[in-house]
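Sequence lines, in order, name chains A and B. This note's numbering numbers the first residue of the first sequence as 4 and each following residue consecutively. This note's numbering numbers the first residue of the second sequence as 894 and each following residue consecutively.
Keep in mind that the hints were calculated from the coordinates and are not lab data. Some hints here could point you the wrong way.
Ranges of calculated distance between the beta carbons of each label pair, as one might list FRET restraints [unchecked claim]:
1. B/T917 <-> A/G175: 25 to 35 Å
2. A/I190 <-> B/N971: 16 to 26 Å
3. A/H226 <-> B/T934: 34 to 44 Å
4. B/T934 <-> A/D224: 27 to 37 Å
Covered stretches of chain A (in silico footprint by chain B; criterion: 3 or more residues with CB under 8 Å from a CB of chain B, positions within the stretch not fixed) [stated by the list, open to error]:
5. 174–188
6. 246–257
From the three backbone atoms N, C-alpha and C, an ideal C-beta is built for every residue, glycine too.
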Amino acid sequence: MAITRIKNSSINNKTPKYNDVLAGLPFRPIIGTATDGGNGTSVSVAFTGNNVANGTITYTALSSPGSFTGTGTASPITVSGLTSGTAYTFQVKAGNSLGDSAYSAASNSVTPVTPTSFESIATATGTGSSATITFSSIPSTYQHLQLRILGKDTYNATNVSALKITFNSVGGSSYSSHNLYVYDGVIYADAYTSRGDIYIGYGMPQSPAGKSNTFGAAIIDIHDYASTTKNKTVRAFMGSETNAQADSAIALSSGLFMNTSAISSISISIETLYWNSSSTIALYGIRG
Amino acid sequence: MPATYEPIATTTLGSAASTITFSTIPATYTDLRLVLVTKHTLTGQSIEVQYNNNTSSLYSQTSLYGYGTAAVSDRETNGTSFLCSKWTGTRNDQPILITLDIFSYAGSTNKTFLMTNASDVNGAGGSINTYVGLFRSTSAISSIKFFASAGSFDTGTTATLYGILKA
Chain A
4 MAITRIKNSS
14 INNKTPKYND
24 VLAGLPFRPI
34 IGTATDGGNG
44 TSVSVAFTGN
54 NVANGTITYT
64 ALSSPGSFTG
74 TGTASPITVS
84 GLTSGTAYTF
94 QVKAGNSLGD
104 SAYSAASNSV
114 TPVTPTSFES
124 IATATGTGSS
134 ATITFSSIPS
144 TYQHLQLRIL
154 GKDTYNATNV
164 SALKITFNSV
174 GGSSYSSHNL
184 YVYDGVIYAD
194 AYTSRGDIYI
204 GYGMPQSPAG
214 KSNTFGAAII
224 DIHDYASTTK
234 NKTVRAFMGS
244 ETNAQADSAI
254 ALSSGLFMNT
264 SAISSISISI
274 ETLYWNSSST
284 IALYGIRG
Chain B
894 MPATYEPIAT
904 TTLGSAASTI
914 TFSTIPATYT
924 DLRLVLVTKH
934 TLTGQSIEVQ
944 YNNNTSSLYS
954 QTSLYGYGTA
964 AVSDRETNGT
974 SFLCSKWTGT
984 RNDQPILITL
994 DIFSYAGSTN
1004 KTFLMTNASD
1014 VNGAGGSINT
1024 YVGLFRSTSA
1034 ISSIKFFASA
1044 GSFDTGTTAT
1054 LYGILKA
């Protein structure tokens, strides 16, 4: 067999130099990013195959620890059989009928995690100077969403504020809602149709002097948020209690987003002024 | 690190009891949720809740409830406990479902909580009750006690405390 000296300036990320290789063998791959496979037992390993070798190239990814492998002909490769909660790194080699390359450098460390039914997606905090908090790039991998809010309005008054919700930056007349609530000792029921937002209330206290330690609470459920065939139904339960009637309220609300697109962003606005800087809104995903 | 939503403790009564208590609650979560399913031998009495065995006048609440013929609202202020049942008649025939959500229970602000209390008896006496409550204490909640001024929770009553963690 003739040995041919081949110049390759990109092998192994080294500075350009000549490397002696046997003609026809695949080159060592360049490792990319390893990411959690989402089921607790697998990882997806990306790489760049830098080959002009003969024949079909098969790539093998190898885990450390455990030496679990996955094979494929293109990036990424899935390595299965891993243990949830264990940190792994991965290397990739290329092979053809003539033999294998060396393994690549090691990837980043990744720990596969078994998904649970109720997961925290993100948490946002009020700024004290903005009325709206937005969650964007919401993954479509859950069945329902839940928002849990502990907050208040910065407006200086002994009163309560409503909340307004929009999805996917859609306004117009795409929303409706019904509310049953107690405010200042009186029971009310109201309805809103063809609005630019879901109007629910009342339940967030405002900020009079002497009540800095008291916040309102809300639980807002959004069902089948990722459906592309259904309009979206919202249910809210919220309340403010301050040991005084004037700024105490409790509300039950239903809402509708008349749109069959999957929800990928949610904006929650407080009615009167701004979200207090100690307000928190936590977004959770619930699996079906 | 605890999971996002996980049971902290659960109790099932093997015999009737006048109190149900969760104590030594870890401060490692963001919110707490308690689910209680019970029948009891109370007649027109209220189930009450106290935090940290605190009997000071630090509890207040606003309620909205219905008995089947009307919607009613009332308030309690400066109470020594939280009153979480407003029904009339006996309640040892059908189970009652109570859910209690306590927000930022280990934080340094006053403690706000939401409660629902549902019971239906296929006739008069059923009710749906919702509450918002305030415990004017900036201390972390480390114990929760359900009790009744008279009567007891029946055998088979179950109560589970969950911890919810935010990102």
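Now the hints, each set against the structure:
Checked against the hint of 25 to 35 Å, the C-beta distance between B/T917 and A/G175 comes to roughly 52 Å, which is inconsistent with it. Against the hinted window of 16 to 26 Å, the Cβ-Cβ separation of A/I190 and B/N971 comes to about 23 Å, which satisfies the hint. Checked against the hint of 34 to 44 Å, the C-beta distance between A/H226 and B/T934 comes to roughly 38 Å, which is consistent with it. Taken as a hint, the range 27 to 37 Å holds for the pair B/T934 and A/D224, whose Cβ atoms sit roughly 34 Å apart.
By the rule of at least three residues with a Cβ nearer than 8 Å to a Cβ of chain B, the coverage given for the segment 174–188 of chain A holds, with 4 such residues. Remark: the segment 246–257 of chain A is confirmed as covered by chain B, as 7 of its residues place a Cβ nearer than 8 Å to a Cβ of that chain, reaching the required three.
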